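J.: Those protein sequences? They're chains D and Y, same order as listed.
Numbered by my numbering, the letters in the first sequence go through residues 1 to 258 in order.
Numbered by my numbering, the letters in the second sequence go through residues 1 to 257 in order.
What the hints contain is simulated information worked out from the structure, not anything from laboratory work.
This structure is a prediction, so every number in the text was calculated from the model and none was measured.
Treat the hints with care, as some may be off.
Stated by the list, open to error - The calculated label-pair distances, taken between Cβ atoms and stated as ranges, are:
1) Y:P53 with D:L76: 42 to 50 Å
2) Y:T90 with D:L203: 33 to 41 Å
3) D:M192 with Y:N37: 29 to 37 Å
4) D:L243 with Y:E58: 40 to 48 Å
Unchecked claim - Just so you have them, the derived chain D footprint on chain Y, three or more residues with Cβ under 8 Å:
5) 38-51
6) 195-208
7) 230-238
Where a beta carbon is used, it is the ideal one built from N, C-alpha and C, also for glycine.
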Amino acid sequence: MPDAGARVRELRALESLAAGRTAVHRLHPLAKLVASLVFIVTVASYGRYDFIRAAPYLFYPFIMMALSESPYKLLLSRVLIALPFCLFAGITNAILDTTAAFTLGGVTVSLGIVSLATIMLKMYLCVMAALILVATTPLTELTAQLRRMRAPSVFVMVFEMTYRYVGVLLEEVRSMIIAYRLRSGKKKALEMKHMGSFAGHLLLRGFDRAERVHAAMCCRGYSLKHIPPARRRIKPSDIIVMLIVCVPSVLLRVVPLY
Amino acid sequence: MLRVSNLSVEYADGTRAIEDLSFSIEAGESVALIGANGAGKTTLLLAIVGVLPPIAGEISLHSSAAGPDEQKNAPAQAARGAVKPELVLTQRTGKDTLRELRARVGVVFQNPDDQLFMPGIYEDVAFGPRSFGIEEAETVQRVDAALSSLGIAHLADRSPLKLSGGEKRLAAIATVLAMKPDLLLFDEPTAYLDPRAKRNLAQIVSGLPQGKLIATHDMAFAAETCSRVLLIREGSVMEDGPRDILFNARKLEAAGL
Ligand SMILES: Nc1ncnc2c1ncn2[C@@H]1O[C@H](COP(=O)(O)OP(=O)(O)O)[C@@H](O)[C@H]1O
Ligand SMILES: [Mg+2]
Numbered sequence: 001m002p003d004a005g006a007r008v009r010e011l012r013a014l015e016s017l018a019a020g021r022t023a024v025h026r027l028h029p030l031a032k033l034v035a036s037l038v039f040i041v042t043v044a045s046y047g048r049y050d051f052i053r054a055a056p057y058l059f060y061p062f063i064m065m066a067l068s069e070s071p072y073k074l075l076l077s078r079v080l081i082a083l084p085f086c087l088f089a090g091i092t093n094a095i096l097d098t099t100a101a102f103t104l105g106g107v108t109v110s111l112g113i114v115s116l117a118t119i120m121l122k123m124y125l126c127v128m129a130a131l132i133l134v135a136t137t138p139l140t141e142l143t144a145q146l147r148r149m150r151a152p153s154v155f156v157m158v159f160e161m162t163y164r165y166v167g168v169l170l171e172e173v174r175s176m177i178i179a180y181r182l183r184s185g186k187k188k189a190l191e192m193k194h195m196g197s198f199a200g201h202l203l204l205r206g207f208d209r210a211e212r213v214h215a216a217m218c219c220r221g222y223s224l225k226h227i228p229p230a231r232r233r234i235k236p237s238d239i240i241v242m243l244i245v246c247v248p249s250v251l252l253r254v255v256p257l258y
Numbered sequence: 001m002l003r004v005s006n007l008s009v010e011y012a013d014g015t016r017a018i019e020d021l022s023f024s025i026e027a028g029e030s031v032a033l034i035g036a037n038g039a040g041k042t043t044l045l046l047a048i049v050g051v052l053p054p055i056a057g058e059i060s061l062h063s064s065a066a067g068p069d070e071q072k073n074a075p076a077q078a079a080r081g082a083v084k085p086e087l088v089l090t091q092r093t094g095k096d097t098l099r100e101l102r103a104r105v106g107v108v109f110q111n112p113d114d115q116l117f118m119p120g121i122y123e124d125v126a127f128g129p130r131s132f133g134i135e136e137a138e139t140v141q142r143v144d145a146a147l148s149s150l151g152i153a154h155l156a157d158r159s160p161l162k163l164s165g166g167e168k169r170l171a172a173i174a175t176v177l178a179m180k181p182d183l184l185l186f187d188e189p190t191a192y193l194d195p196r197a198k199r200n201l202a203q204i205v206s207g208l209p210q211g212k213l214i215a216t217h218d219m220a221f222a223a224e225t226c227s228r229v230l231l232i233r234e235g236s237v238m239e240d241g242p243r244d245i246l247f248n249a250r251k252l253e254a255a256g257l
């Protein structure tokens, strides 16, 4: 089993970034949400061989990370988790689609390779945009904004609970693994024969914790039905930043430059 | 200001954790809720704020004209026309009454890790006022007031994960104080604390003007912070009386302590 402690710290680290005070953090959540959505949808709408055309969008994550002072390594490590899935989806193309696309220094590059690269690029851009949004906006502000926009409450709740619950569950894993190791002598890994009861216990403990966290949230006014009022109005500067992201993104997509 | 009448609470699996329990708390009064493990202390606290619904009986919260908070804010409250109505919680109480009740009764959970769930302390303390729709300017003021009244203003930007047990406990109390409750419920506040942190906490809790119900089996802490004792066993009241009960070995033993 991987080091669960490290995973917890990583997750919390991403979460604690949202408490920052840079200009990006201070933007209105609506502006950030809309900008991120437009960016993601635009990028995702590129065709399977559009690598060159989608490449300029790489500026966005770099600029945003610089402005929000987000640690590049941390965000990148989260993107890497999604990488194997895309690789798997793209690799079949690379093998099957051997039509030559162009030659580079004498090596023929097939369309399959181009489509693999495009999938990876699109994935990287979309996940990065989502991560930057989460790393610069406290979760409660995001979900409050989603509710004000009348997003289906089930969707918002699943999002909220998954986010809370993963952390809670990982914390339980950590303390159970520590307790297990202390009693299991020098063996480091969890033995196969203990895996079943370990997982069962974990699930029950996780539910228990989640229930208490949920009760504590309810005691302080959390409820699904309640639509929280906006904490502040959207300002012209918020809208300008939003447009600075949205307009070039869409223009680049619609206007064929090359 | 709080009256619990013939309350019974059952868990989904049929465990009757509270059985025909009655007592009341006056404004500004501090009551120790003493009982062995499994006596029903946590269940009672959660039932008072409606997290666990009663299967019988009722809980009522009266507007406490003499309450310490009201006195201080009397002009402001009168200006807003905010005379708090009496709230009654029964089996059939609706969502709005529950929300109102939870704004007026604050619960400090046994484990601060369950209570602190935001990335930073400041955000966490602001969570309550924000979800109750308090304006941002007032929220900021409340958060600052709550943190500095507990002497932890310097922790505002820290993550709850990087605090000591004592600091976490104070932060959890701050999250509740920011909602300006009339009544505070504490679930084993001395759990996870070393002796020095316990003494510090006892002083702070004694200084809070609100009515208090403090579930604990720490007799020294109860003696220092409470004037009255509610001794419970298997979900029912065994003794309800002055602080002396804490020093009555026979009664404590009968309660399984
Ligand atoms: N979620 C639950 N489901 C079923 N029974 C429970 C649950 N939580 C507590 N109980 C039972 O209710 C009784 C009172 O528990 P609790 O209020 O936690 O006691 P205390 O806080 O005084 O230690 C105990 O018998 C306990 O086993
Ligand atoms: Mg308890």
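J.: Taking 8 Å as the Cβ threshold, is the statement that the segment 230-238 of chain Y is covered by chain D upheld or broken by the three-residue rule?
T.: Contact hint for the segment 230-238 of chain Y vs chain D: violated, 0 residues under 8 Å.
J.: Mind taking a look at whether chain D covers the segment 38-51 of chain Y? Criterion is 3 or more residues with CB to CB distance under 8 Å.
T.: holds (count 3)
J.: Please verify the coverage claim for the segment 195-208 of chain Y: does it have three or more residues whose C-beta sits within 8 Å of some C-beta in chain D?
T.: violated (count 0)
J.: Should the hint that Y:T90 and D:L203 are 33 to 41 Å apart at their CB atoms be regarded as holding?
T.: About 34 Å separates the Cβ atoms of Y:T90 and D:L203, which means 33 to 41 Å holds.
J.: How does the Cβ-Cβ distance of D:M192 and Y:N37 compare with 29 to 37 Å: does it lie in that range?
T.: Once the Cβ atoms are compared, 35 Å apart, the range 29 to 37 Å for Y:N37 and D:M192 holds.
J.: Note whether the CB distance of D:L243 and Y:E58 lies within 40 to 48 Å or breaks it.
T.: Taking Cβ atoms as reference, D:L243 and Y:E58 lie about 56 Å apart, which means the hint is violated.
J.: Range hint 42 to 50 Å: satisfied by the CB atoms of Y:P53 and D:L76?
T.: At roughly 48 Å between Cβ atoms, D:L76 and Y:P53 fall inside 42 to 50 Å, so the hint holds.
Hints 4, 6, 7 from the earlier list are contradicted by this structure; the remaining hints agree with it.
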